[in-house]
Amino acid sequence: MLAEAGLAALWFAAALALLQLVLAGLGVWRSAKPALAHDVSTAEIMAAVRPVAVVQGALALAAMLLLIWVFARSDMSVLLVAQNSHSDKPMLYKVAGAWGNHEGSMLLWVTILGVAGAAVALLERSLDRRTLIATLGAQAAIALGFYAFLLFSSNPFARLNPAPADGNGLNPLLQDPGLAFHPPTLYIGYVGISIAFSFAVGAMITRDVGPAFARAMRPWVLGAWIFLTLGITAGSYWAYYELGWGGWWFWDPVENASLMPWLAATALLHSVSVLATRDGLRAWTLMLAVVAFSMSMLGTFLVRSGILTSVHAFAVDPTRGSFILALLAIYIGGALLLFALRVGTVKQGNTFDFVSREGALIANNLLLTVILGIVLIGTLYPIVAAGFGTQLSVGAPFFDKAAGPVALALVAVMAAGPMLRWRRDTAEAVLKRMTLPVAVTGIVLILVAMLGHVAVLPLLGLALAAGLAVASVAPLWMRNLRRTPLFTYGMVLAHLGIAVSLAGMACDTAFTQATLVAARVGVAQRVGPFTVTLDGIKPVIGPNWSALEARLSVRRGETGSVFYLRPQSRFFANPVTVTSESAIATRWDGQLYTVLGEPDGTGRWQLRLWWKPFVTLIWFGGALVALGGALSLLGRLLRARQGKLREGSA
Amino acid sequence: MTRPLIWVPFLGAIALFAVIAWGLFRPADRVIHSALVGQKLPAFTLPPIVPGKPGLSTAAFATGKPRLLNVFASWCIPCIAEAPQLLKLQQAGVEIDAVAIRDTPAAIADFLARNGDPYRAIGDDQASAVQLALGSAGVPETFVIDGQGRIVQQHVGDIREEEVPGLIAAVRNAR
Chain A
1 MLAEAGLAAL
11 WFAAALALLQ
21 LVLAGLGVWR
31 SAKPALAHDV
41 STAEIMAAVR
51 PVAVVQGALA
61 LAAMLLLIWV
71 FARSDMSVLL
81 VAQNSHSDKP
91 MLYKVAGAWG
101 NHEGSMLLWV
111 TILGVAGAAV
121 ALLERSLDRR
131 TLIATLGAQA
141 AIALGFYAFL
151 LFSSNPFARL
161 NPAPADGNGL
171 NPLLQDPGLA
181 FHPPTLYIGY
191 VGISIAFSFA
201 VGAMITRDVG
211 PAFARAMRPW
221 VLGAWIFLTL
231 GITAGSYWAY
241 YELGWGGWWF
251 WDPVENASLM
261 PWLAATALLH
271 SVSVLATRDG
281 LRAWTLMLAV
291 VAFSMSMLGT
301 FLVRSGILTS
311 VHAFAVDPTR
321 GSFILALLAI
331 YIGGALLLFA
341 LRVGTVKQGN
351 TFDFVSREGA
361 LIANNLLLTV
371 ILGIVLIGTL
381 YPIVAAGFGT
391 QLSVGAPFFD
401 KAAGPVALAL
411 VAVMAAGPML
421 RWRRDTAEAV
431 LKRMTLPVAV
441 TGIVLILVAM
451 LGHVAVLPLL
461 GLALAAGLAV
471 ASVAPLWMRN
481 LRRTPLFTYG
491 MVLAHLGIAV
501 SLAGMACDTA
511 FTQATLVAAR
521 VGVAQRVGPF
531 TVTLDGIKPV
541 IGPNWSALEA
551 RLSVRRGETG
561 SVFYLRPQSR
571 FFANPVTVTS
581 ESAIATRWDG
591 QLYTVLGEPD
601 GTGRWQLRLW
611 WKPFVTLIWF
621 GGALVALGGA
631 LSLLGRLLRA
641 RQGKLREGSA
Chain B
1 MTRPLIWVPF
11 LGAIALFAVI
21 AWGLFRPADR
31 VIHSALVGQK
41 LPAFTLPPIV
51 PGKPGLSTAA
61 FATGKPRLLN
71 VFASWCIPCI
81 AEAPQLLKLQ
91 QAGVEIDAVA
101 IRDTPAAIAD
111 FLARNGDPYR
121 AIGDDQASAV
131 QLALGSAGVP
141 ETFVIDGQGR
151 IVQQHVGDIR
161 EEEVPGLIAA
171 VRNAR
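Sequences listed follow chains A and B, in order.
Sequential numbering of the first sequence, starting at 1, is according to the UniProt record's numbering.
Sequential numbering of the second sequence, starting at 1, is according to the UniProt record's numbering.
Think of the hints as simulated: they come from the structure by calculation, not from any bench.
All the pointers check out, no bait thrown in.
Here are the computed lysine to any residue pairs in the SDA-like style, where the Cα-Cα straight-line distance is at most 25 Å:
1. K33(A) x V343(A)
2. K538(A) x Q126(B)
3. K538(A) x W75(B)
4. K88(B) x V156(B)
5. K538(A) x P105(B)
6. K538(A) x V523(A)
7. K538(A) x A127(B)
8. K538(A) x R102(B)
9. K538(A) x A129(B)
10. K65(B) x I96(B)
11. K53(B) x L132(B)
12. K538(A) x A107(B)
13. K33(A) x A48(A)
Every beta carbon over 12 Å from chain A, so not counted as near; a handful from chain B, in silico:
14. T58
15. T63
16. A81
17. Q91
18. P105
19. L112
Reference excerpt, derived from the structure (chain A facing chain B, CB under 8 Å, subset only):
20. G321
21. I332
22. G333
23. L336
24. L337
25. F339
26. A340
27. V343
28. L380
29. I383
30. E598
Using N, Cα and C, we set each Cβ at its ideal position, and we do this for glycine too.
All chains should be built: construct the whole structure from the sequences, respecting the hints.
Next comes the structure, spelled out in structure tokens:
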């Protein structure tokens, strides 16, 4: 019954999305006709769009909740549950199992899309009414396509007859509390960007692009961007401790799929500021909004179609792949076509000098776009190469070499940007304001270079991180801190977070010490400041795995107290997988990362040991960036509220 | 922005979709072209895993008689699915040697009792060392070895009914 109710909710939501699209289209069309614009029925049609959007979002949410319920009850008569869950699993993974598969994750995708549309319908008050209706129409058009995809090719509520007793289970790598929450976080970011896309489409339809539009769009972009930042940061940490390779970013297609929307959204965030404050960059902002969500959809497609994964991963399903591809072509191609047709009629915004805050933000946008282009080309190149008969994968060497220098240039622009004045500034004045950060950069550069043996990129990275850290707090310098608006604090914190994260990345690349040893019980190994001794190996039994666990006694320096680390090599029976459970000791100045490998048959065990100074800064910085985003969002919302109150009292 | 430039993003997107659609519909080549094809088998010696059946070493090959080398495990479901095909190959006169991956004597004896025993010899590969040396990434995989002990062909995945005649021919031709 529950499954049928979920399916019915999905069908009703799809029908309402169609209604929403038709009503919005009709309303916008009628209001553009002088004869019909002031007609009563035009107003009535427009008034109906908001409630329809709200109910559509509620129905999608109901379908998702019903799917979660079916998973929680382990109803094995539902095909999806039988394939992806097991009646003995802990409740957390039963619930997470609802989105740990193709159909469920696509349902989560449209649910967030529907709920985001409902949120716009309920909360958005500052946008021009016609543009808002057009925006909700665009949101409905996207939702309709993905409802069709679910209902016609990926029904999550399909029944299985007869029902099996237990179910298949979930990939052991995914049975991790971190991963239970990682996809929803990232999806809120991915799909939240759809609002920026719909805003842009709505504005292109009504030709209403200006500061008011940008101010209305900014909180939504910020909100989605915060979740994307959190999702990427958490995903990076998960890969770091769960995969046991000691790395925190692998330039894997799935990772790139989340990085590309983030790069575009970051650029959008900054260009929206120019549009809101100075009424510049109109066409460019629209373009970025379209690109940001296009990257989200492309990311979803690349991951879900399996087109980029290896032969041994999952099967490519051409029906589903071509369905999503067709949707993408319609939405992205349609939006870009609309852009090409309409952008000529969007009035040019204000102009400005090259040396100005706007100029720096344009440089920021261009550099982010270049990085985005590099990542996109690197990610898609294997498909193109396969067309010419070459099997290849593009890995870290390409991305590091190509994107690294651009990213460092971006950091330099980032340091200077907030110190520039809007509209017009002089190079001399800027250089004067930049004295301290430039000096700090120079000093750190010289100090680290004196250490020798540090490669160029991490060396520049460390120096620029130090300079950026100083420059990013500069906007607070000599200001009344209590009167500084919250969103300025947000910017300071986010930029500081980038500096902190960059410092972590550079430290990890420059100073990590790694050893791979065949360790005998009782023999000490040295890595960084630590002495690590293998005490022994013992078998451990878990709920659905068995493992060999090493006990390592670790001492820092000659006098430090001894502590123990217990890395495991886990063997899962179904499906057969061996995973390394790394053991990590976190200290204020870095992490000791240990992984247990294979025995060599003569009583020695392979041990991988890493001492990674300040590696934790990478994720701490990421969290700071997200927190900065949250402060900005709060600051903008408070400011908007105050503005409204003032209007009301005047 | 000038007129023609406005169309660049749209045309770029169209090109991008063309490339992806091409990647999606191009008949994918799922065959693994091992670099080891045409090479001698790597040298190995594996102990027996079940009583009454010899273990396996490189010396057993290069005897002038071509044969199949089957990489399998008792815990592998597709290996059960391909067992009848292996029996057919054996009845057709093809000699089959095997490497058992990360397995136990009891489980292998049980597997053979249930699914039939097409093997002349089974080597015990506890650490997947020989499997990796052969360039095999999973179970089951089957190698056609010629009379000089060279790898002629690598078959990834379970052997299907319709693939049996092709394999018989491959063994015949591998003099």
